[in-house]
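Fit chain S to the supplied structure of chain W, relying on the hints for placement.
Chains W and S, in that order, are what the protein sequence lines are.
FYI, this note's numbering numbers position 63 of the first sequence as 63, with every residue one higher than the one before it.
Positions in the second sequence are counted from 1; adding 289 to them yields this note's numbering.
No lab work stands behind these hints: they were computed from the structure.
The beta-carbon is built from N, C-alpha and C at its ideal position, and this holds for glycine as well.
Short derived list, chain S residues pointing at chain W, Cβ under 10 angstroms:
| no. | residue |
| --- | --- |
| 1 | R396 |
| 2 | F400 |
| 3 | P433 |
| 4 | A438 |
| 5 | Q481 |
| 6 | T500 |
| 7 | V501 |
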Amino acid sequence: MSAHGGTVNVEGPRHWRNVVVLWLIASVIMVPVVIFLIGPGLPPGNGSVEASGQTADNTVLLALATPVALGVLVYLGYVLFAFRERTPDVVLDGPAIRGNSSVQFWWLIVTTTLVLFLAGYGSVRLLADGSGGGQGPNPIARPAVPAGGKLLVVQVVAQQWQFNYRFPGYGGVETNQIELPENTLVQFNVTSLDVIHSFWAYELGVKADANPGVNNVAYVTTKGPVIFHVRCAELCGLWHGYMFNQGRVVSKADFAAWIARQRVYFAPATKTLPPYSKTYFPPALRRAG
Amino acid sequence: MAGAGKRIALITITAAIVCVVIGLYIGLYLTNVPGSAAATTTATGEAQLYLGTVPAAETTDPHPTWVSYYVVDAKAQTWQHKTTFVLPANTLVHVTIYNYDSASALRNNWFGQATGTVGGVMALNGKTMPGIDPDLASHVFSIPQIGLAVPIQGIPDSAKNPCGNAPCSLSYDHTTTTFTFRTPGKGLYRWQCFVPCAAGFIAGFGGPMQTVGYMDGFMKVV
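Looking at chain W on its own, in the form it has when it is part of the complex (with noise of 0.2 angstroms):
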């Protein structure tokens, strides 16, 4: 009964088809909005193949995700709108909600479907590739080397408060830069001499834990040139916020250049490391507590 004496039929069929149509329009609008307007803006963009595939994964996510928050939207402003109260001289309670199965197994079925998907989706994507995640010392996801190229490796060497970089294939050699020859797949072994740290090569889509005596493999196909910013993604201690450095994709033969300039620079230092080694444990110290 309304206050004035009406009924007010909350099941009838009507308010049903209003909102599926309210919200059928609204995911016809917003969908390819997301995913042409959106989507190429999401992170963390296109440095790498890696990198487009997350951003192609996100976009996946957000065009899902998007009819389900309209789904929810829709259907609260509808009945806030359909059922408000027109004339407010007396409030009174509406009706008692009752269960209705059709709408809860609809429900059940709908998100059942969704989250089982997006679990396959989820899986198939990690496994092609790795996505750029730390896969720790046995990757079992590798992507493959682009033709006319060879594997890269990179050590990366984490400590209080600085991250390194480790080139075996070029004599060992460790720098405090980073750069990488475009279109290449590189291979980061990533390790720490004292905390845990986290690799965090942004705009390469590339995060990888560093953790003391673990090697944890990460890999990451580099498309053209651009500069990216590395940061530490895991609290390591009072410098933790400073601990960042940019690196560049360059062509090959500026890398070949690069990579020369460092070998000869860093040269009286490279005589003092110990051998390469996918982990390294440094020898107790003398003030060591």
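Same frame as chain W, but now just chain S:
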């Protein structure tokens, strides 16, 4: 009624005072930073910075057992416990570091080479060299944001006349490290030591290694 009113007023005033005191404490804590020291300028417009490293801070320091950097006046040999250095932008800075501490060795031997300095070299006790034996490193003066890292050799364990707490005169056993680097544009840059030199802390990297004002600080480029 009058008694209740007085009680409410008393409680209100007391609560307000407590809030003000807590606010002051938090405010002072957040705004309290170690003091800064400006480098001296030479006749040629370049800057000169003198620093000292000691195995233990002054006996009056809140942490008198902590290893620490100091700013040193080269002529008067007065020591200031400041680790923020104010330097002019895009200027050559000549740095002299008097080290009174012994060696702790590096965790990463890479830091045994001087990098980011003019000519890629440093000088130890007047002798120019690209770096030192990593096992003899006592400290590293490093500003990672500009790629600067210079190892500082320690005094021998068998030193006859070591200095305990700051300040230390030049008559004590010490090493002298000098190098030159060019400051970047204006900004705030952090510096740190890379030798795990914090005695008594886990892996030598706690306490003074994790506290601005001892083995960490800022370079304020103006």
